[in-house]
Amino acid sequence: MDFNDSPEEATYRAKVRTWLDANATLRDPDASKINMLDEAEGDLIAKAKAWQAHKTKEGWACLRWPKEFGGQDATTMESVIFGQEEGRYDIPPSIYGIGHGMLGPTIMAHGTDEQKERFLPSMVKGDEVWCQLFSEPDAGSDLAGLKTSAVKEGDDWVINGQKIWTTGAQFCKWGMLVARTDTNAAKHAGLTYFIVDMEDPGIDIRPIKQMNGASGFNEVFFTDVRTPDTNRLGAVGDGWRVAITTLMNERSSIGSGGGGGAGIKDLIKQAQDVEINGRPGIEDGGVRRKIADFAVRRSGLKYTGQRGLSALSQGQTPGPEASIGKLVAAIMGLEMGAFGMELQGAAGVLSGDDSLGDPTWQQTYMAMPGLRLAGGTDEILRNIISERVLGMPGEPRIDKGKPFKDIPSGTAR
Amino acid sequence: MDFNDSPEEATYRAKVRTWLDANATLRDPDASKINMLDEAEGDLIAKAKAWQAHKTKEGWACLRWPKEFGGQDATTMESVIFGQEEGRYDIPPSIYGIGHGMLGPTIMAHGTDEQKERFLPSMVKGDEVWCQLFSEPDAGSDLAGLKTSAVKEGDDWVINGQKIWTTGAQFCKWGMLVARTDTNAAKHAGLTYFIVDMEDPGIDIRPIKQMNGASGFNEVFFTDVRTPDTNRLGAVGDGWRVAITTLMNERSSIGSGGGGGAGIKDLIKQAQDVEINGRPGIEDGGVRRKIADFAVRRSGLKYTGQRGLSALSQGQTPGPEASIGKLVAAIMGLEMGAFGMELQGAAGVLSGDDSLGDPTWQQTYMAMPGLRLAGGTDEILRNIISERVLGMPGEPRIDKGKPFKDIPSGTAR
Amino acid sequence: MNFDFSEEQKLLQSTARDYLTENSSLSHVREVFEADAGHSQALWKGVAELGWLGVAIPEEYGGAGYGYLELAMIAGEIGQALAPIPFGSTVYLAAEAITQVGNDDQKKQYLTGIASGDLIGTLATTEKAGTLAEGSVSATFADGKLTGTKLPVADGDIADFAIVLAKEGSSHSLVIVDLNGDGVARTRLNSIDATRPQAKLVFTDAPATRLGDAGSGWTVTQDVLTRAAVLMAFEQLGGADRAFQITFDFVMNRFAFGRPIGSFQSLKHRMADLYADRELARSNCYWAAWALENNDDELAVAAASAKISAGDAFENMVVDMIQMHGGVGYTWEYDCHLFYRRAKVLAHTIGTTAEWREKLITQLIEDAA
Amino acid sequence: MNFDFSEEQKLLQSTARDYLTENSSLSHVREVFEADAGHSQALWKGVAELGWLGVAIPEEYGGAGYGYLELAMIAGEIGQALAPIPFGSTVYLAAEAITQVGNDDQKKQYLTGIASGDLIGTLATTEKAGTLAEGSVSATFADGKLTGTKLPVADGDIADFAIVLAKEGSSHSLVIVDLNGDGVARTRLNSIDATRPQAKLVFTDAPATRLGDAGSGWTVTQDVLTRAAVLMAFEQLGGADRAFQITFDFVMNRFAFGRPIGSFQSLKHRMADLYADRELARSNCYWAAWALENNDDELAVAAASAKISAGDAFENMVVDMIQMHGGVGYTWEYDCHLFYRRAKVLAHTIGTTAEWREKLITQLIEDAA
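Chains as they are written, first to last, in our numbering: chain A, 1 to 413; chain B, 1 to 413; chain C, 1 to 369; chain D, 1 to 369.
If you're looking for bench data, these hints aren't it; they were derived computationally from the structure. All of these numbers come straight from a predicted model, not from anything done at the bench. C-beta: ideal position from N, C-alpha, C; glycine also.
Per label pair, the in silico range of CB-to-CB distance:
hint : chain 1 : residue 1 : chain 2 : residue 2 : range
1    : D       : Thr362    : A       : Asn4      : 27 to 35 Å
2    : A       : Arg241    : B       : Thr223    : 53 to 61 Å
3    : A       : Gly401    : D       : Ser25     : 40 to 48 Å
4    : C       : Val202    : A       : Lys209    : 31 to 39 Å
5    : A       : Asp90     : C       : Ala133    : 43 to 51 Å
6    : D       : Ala368    : A       : Tyr89     : 20 to 28 Å
7    : A       : Tyr89     : D       : Asp104    : 53 to 61 Å
8    : D       : Ala369    : B       : Gly391    : 50 to 58 Å
9    : A       : Asn4      : D       : Glu60     : 24 to 32 Å
Under the rule of at most 25 Å between Cα atoms (straight-line distance), these lysine-lysine pairs were calculated in the PhoX-like manner:
hint : chain 1 : residue 1 : chain 2 : residue 2
10   : A       : Lys116    : A       : Lys173
11   : C       : Lys10     : B       : Lys302
12   : B       : Lys402    : A       : Lys402
Facing chain A, according to a computed beta carbon distance under 7 Å, are these residues of chain C, among others:
hint : residue
13   : Gly130
14   : Ala133
15   : Pro152
16   : Ile192
17   : Tyr330
18   : Val345
19   : Ala354
Could you put together the complete structure from these sequences and hints?
As C-alpha cells, then:
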C-alpha cells in the first residue's frame, strides 16, 4: 500500500515535468484562489486556444486518443499524470473538457469515416471548440423527454426548439445535439443525434443568469436551423444509444481528490477569528466537532480519489466510488458555507468586500445549490448509485412503450 | 388565545375530579417513572377489569359511545378531559384501548343488531377484553397483502394462518380478524372481517421477544379455528372496507403532548454530572445547542398537541398535526438516547443497575427502534402525510387489479 | 381552551394577505431587489396608512392599541410576502424598545412618528463578527455624545433614528440617535439580500439621548431582542409557508418520466418532513405569541424556541425549494433565491439561530436548577 | 501508485472470512450472547492456532511478524463476523502497549503469551462517566502496588492481565497487573452487548510493574489508543459492510405492494447514502492503515478520521438496518440487534466518537498553526 508512482509512471511524470518546465511557468502554490474573472473572456479563449495548439504541436494533446485521430495512444494513467502536473502550472482554463472527454469519443464510436476525418483532428488542435446540446427546459433529469424537433427536408434536417444549460455555447463552433425525429415512437426510440454548426443564423444564444449573479451556462434557441444529413451521428431513431456513449464518457472526478484541506484550515481560522460567548469560537465544543466532521468527509473524498487512481494505475477500471464524489461534496459545501456564515454571527449576512470575515462562505453558500443540480441532481446521483452501482430495481415506469406524444411532460401552467 | 377550559369544560372537569377524588388516589406527580413490572400480569389484569367495571357502574365508561351501547353520549372533549384527569390518579394500566377505541366503533358501523347487542355492552363493562388480528409476517406495511385464509364450511368459517404484533392476545376473550376468503380476487377484494373466540383450541399464542428483551406483542397461530358465520362483520369480500373503519379509529395521540420537559431536564442533569475535557459537560457549546434542539422539538410536539385539543374544544376535527407526533417523537427519542449515552463516555455501554449515569438513555436507545416501526413505520407515516394530508399522488401501483395469487409478497427465501 | 388565534385576528391576517398580494407581489420584491433600492417606499407608505406600523402601539401615541397577537398575524404576512420594508427594525425593535423603557416625551416623539409612517427606526448592537457579548461593545456614550461604529445595522442607511447599545462608564446604556443629525456617517454594505439592507454607522460625537436607565442597556437589549424574536419567528414561519406552497405547486405540476415529480417518494417524504418541521415551528410560534401577549414567565424560553424552530424550518425549506425546482431553481429568473436569501438574513439579523440556542439552553438550565 | 491492500493481504482476508464464516456464524455469536458467556473460548483457541493474535507481534516473541496492514485485514473480518472474542482488548491495546514501550522481559512474557493464546489482556483507563482526562484518574501506583477502581474495562472479567493507567506521584504511569493475583476484585457489569463484556476492577495494594517510563503513562496511553483506533475502525467498517449486505439482501427479497421493498425510492436513496458514507469511511481507514504501517506523521489525524467515519458509518447503518427490516428487525430472533449493540459498543469502547472528534480537531488546529 503506497502512494508512489510505479517506475513507468515515475519516468513518464519526469518527462512531463521536463516538458512543462520548458513550456510553462509554475504556479505559486500559496496563491490558492486564482481570479481570472477580470480578464476579458475573448482573451482567455485566445490563450486557451494557443496553449492547446502548442500542446498539439509538441505531442501532448488528447493523450488517450488514438494516434490516427491526433492523439498519443497513451494510457489513462499517463493522461491523469499529465493532468496532475499541468495543474501545477500557470496555464489558461480548459475549454475543451466536453469536446475531448465526451464528444470526440462519441464520434469515434458512432461516426462515419468522413465525420472522423473532418472533425477529430481539428477538435484535438482546438481551433474549433465544441459544446453539448442535450438538456431542455422541460427535460431535466428525464433527459430523454426532450422535445426539440428535427424534420428531414431534402438532404437537410431542420431543427426547432430550445436547449439549456449549455456551457460555452457563445464561443463554440460546433454543437452535438439530440433531437426528436418521431413523436409517435416511444420516448427513447424517437431520438436522433446531430452535429450542428453553432454559427447558423437560426441559433440564438442567451446567457442564463444564475442566482449568484454569475453566468456559466446558456440557453440556446433553434429556429429553422439546418444541418446536412451527413452531420447525423448514428441512425435515425438511434439517438439515445449515441447519447449514452456521450454520457458514459462524462469526465469522472477521479483524482480531483476533494481539494485538499484548504477549506478546513479556512474554517479553523474563521473560528479562531470570532468570539462565541466571549471566548474564541474555536474553543467551542460544537464548533470543534463540526469542523472535525467536515475534515473527515473531506479526507474521505480525497482518499476515495486515491483509491480510484490506484485502480487506474493497476490497469483496472476505477470502482464505483467516483460516483459519490459530487453528491457528498456539494452537500458538504453547502453546509460549510452556512457554517462559516454562522460563525460570523449577525455579520454573516455581509458579502464580498464588506464581509467582516472570510467572504468565501457567502460565495460558497450561494454557489453550492447549483452544484447540487448541475451534471445530475442529488436525486439522480442517488438513483445511479442505488440502481447502477448497487443493482437495486428501477422505479416502475409508467411512460414505458407509450408514444412520446401521449406522455405528460414539462411543467403544467 | 388561551389554555383555559370553556365554562362548560370547567364544570365537567370539576365533576370528573370530584368523582375521581372519591374513587381513586392521586398519583405522586414527582414519581415520574412508575414501575409496575414487578406485579404479576394476572394481578394487573384483574385490577384493570375491576376499575373498568367500577367506572361502568358509576357511568364513567366509554364516555363517547352512544348510551344504547353502554356509553354516555359525551363529547370528544369531555372524554379527553376525563382521560387527562384520570391520568393524574393511581389507576391500573388500560387494557381496553384497542377495543373501546377501534373495535367497538367498527362493530357499531358494520355489525348486525345481534352483534351489537351481544358484544358492545360487555366490551364496555370490560369483563371481556378484545384484540386486533390484522398484521401478518408477510404483510407488514402492505396490510392488505395478508394471507390467513377463511374457508366456509356449512355455517362456519375455518381459519388457518398466522397473525403477528397482537397486543394482549394472551388475556383476550375476543379477537377481530381480517382473512382472505378469495385468492382469485384482487388484493383488497378478497378479504372478509370476522370476530373470533380467542379461547378456541386451534389458537396458539406465542409472545414475541423484542430486541430489548421485553415482550409486548404476540404471534397468533390459527389451525382450523372455527367461527360461525354470525360472527362475520360486513359482507364476504368487504373486509378491507370494514378494516379501514377500524384503522381510522386508531387512537390519535392528541393531547398526549409529547410528555412535557422531563427528558430535557434529565439530559441537562446528565450533562451536568459528567466532564467533557475536564469541564462540566453542560458548559460544552455542542452539548448545549444539542439539548436546546431537543427542547425545541419537544415543545413543538407539546403545543402541537394543544392545537389539536383546541380544535376539539372548538368542536372541530383536529387538524392533520396529529399525524406528525409519532414520526417526530420516535426519531427524537432515538437521538436523545444515543446522546445521553454519549455524554456518559466509555461508560455509556453500561446498562441497568451498573450504569454510571442515568440508565434511561440505554433503555430508550434500545426501545426507540420499535416505536419507529410500531403502528405505522416512519415510511408509512411519511406516505400518509404526503398523500392524505398534503394530497400528493400515490406511488404507481403494480399490484392493482391483479388476482392476489399472482402478486409476489412476503420474503423470498 | 382555545390555543389559536381568534376569528378577528384571522380576519386581520386575511386582509393583510390580500393587501400584500396586491402590493408586495414577488415581482415588486424583485424590482426592489434588482434596483438595490433597499426598501419599497410605496409599500411602506401603504402599510403605514393601513395602520400596521402602530398595531401594538397604544392609541395615545397614534397606534391602534391592539396587542401582540395582531402584530404576530401581520408579521407572518410580511414574511410570506418577503415584503421589502424595514418593518422588523422599526416595529419589533425600535418601537418595542421605546414602548418598554421610553419616557413619555420619547414615546410621543418616536412612537407617534413610527405609527404615522414618518419615522423609520432601527436597533444597532453589533460591531464585529461573532456573537454579541457585553465585552464586544466598544461604542461609547458620554456627556450626551455617542462615538463608535456599529455594523451590520439592518436598515441603518434608510432609518431616521437608531437605538444604539453603547458603553456608559463601566456598564451599558441604550441611546437614541438622530441618523440625519450631526456626527453620523453611514454606508450601505453589500449583503446577501438587498431587500433587507445592511449598513455601517459611524458615530463621532453624535448627539444622543439615553433610552431607559443608565446602565440598563444590556438587559433591555436582551429583553427587546427576546420580544422581537417572537415576531421575527412569525416572519420566518410565513416565509416557510409560502416557500412550501410554491414548491408544492411546482412538484405537482412538473412532469418527468411521465408523472408529476411530486409522485416520487424521495420528494414526497421530504415534503412530509418539511411539513412536520413547519407544524412544530408553528406550534412554538403560537406558544411564544401567547407568552408575549400575556407577558408570561415562559416568554424567554418560548421566544427562543419559536425563533429556532421557525428559523430552521424556513432555512431547510428554502434549500429544498431550490433543489426540488431543479436547474431552474438556481436561476436568477426564478424566485427561489429571493426566499433563500431572506431565510438566511432572518436567521442572522437579531442573532444567529445558534445564538438563540445558547439563550434557550441558558434559560432551561436556570429553570431546571 | 497502489493505495490498496496487496493480493497477499487480500488472500489473508479471504481466508479469515472463510474461517469465521465457519466458526463465528451469527448463531454462534448468539449462543455466546444468550448464554452471557462473555466470549467464545473455542473461537479464541481457533484464532490463536491460526496465528491471528500474533500477526503483528515480532517473530522473536512468537508472533508472525507481519505488519499492521495484515492486522487491519483481520480486524475487518473480526468486525464483519461480530466475533465474540477479546481480540481488540488483547491485540490492539495490550499487545500494542507492550510492543511500544515494554522492556524485553515484558515482551517475552506477555507478547509470547498473547501470541500463543495463553494470555488475554486489556487496557484499563476510565473510572467514571464522561470523557477520559488526566484529572479523572484516581487509581494510584506507588511502591509496586496499585490501588483504585477502574470501570468499565472491556473484557476485564476474562482477562489474565491488565495494563492500568494510574497516578504515580504528580504524573501518570502505565502498570501491568496480574488479574488473577492478589489484591484484585472483579465484577462483570451489565452492558448493552454481552459479547463484548465489561467489568469493574477493584485494586487493593495489587502487585504491579511499571510499563514504560515513569510519568509516561498519559502520553503512551494516547499513543496506544490512536494506534488501536485504526484497527477498531476496521472492525467498525467490517460490521458496516456486513450489516449493509444483510439489509440489502433483505430489501431485495422482501415484497410489499407487489414489488421488492428495495424498489421504493425512499429505501434506495438511503441505501445510496449509506453506501457513500461507507466508501468514505473505507478510504479513511485505508489512509489510517497506511499511516500506521508507515508510522507517518499523519497517523494521529488519519486514525481519528478513520475511527469517526467508520464509527458513524456503522452506527448509521445499524439504525437503518432495523428500520428497513420493519417489525421483524426489532425482534430478538432476528440478528439486527446484535449489530445494533456491537456498533454502539465499538463507538464507545476506546472513547466515544465525540471524543475522537475532539482529538482530531485538536490535531488539525495544531497542524494549521
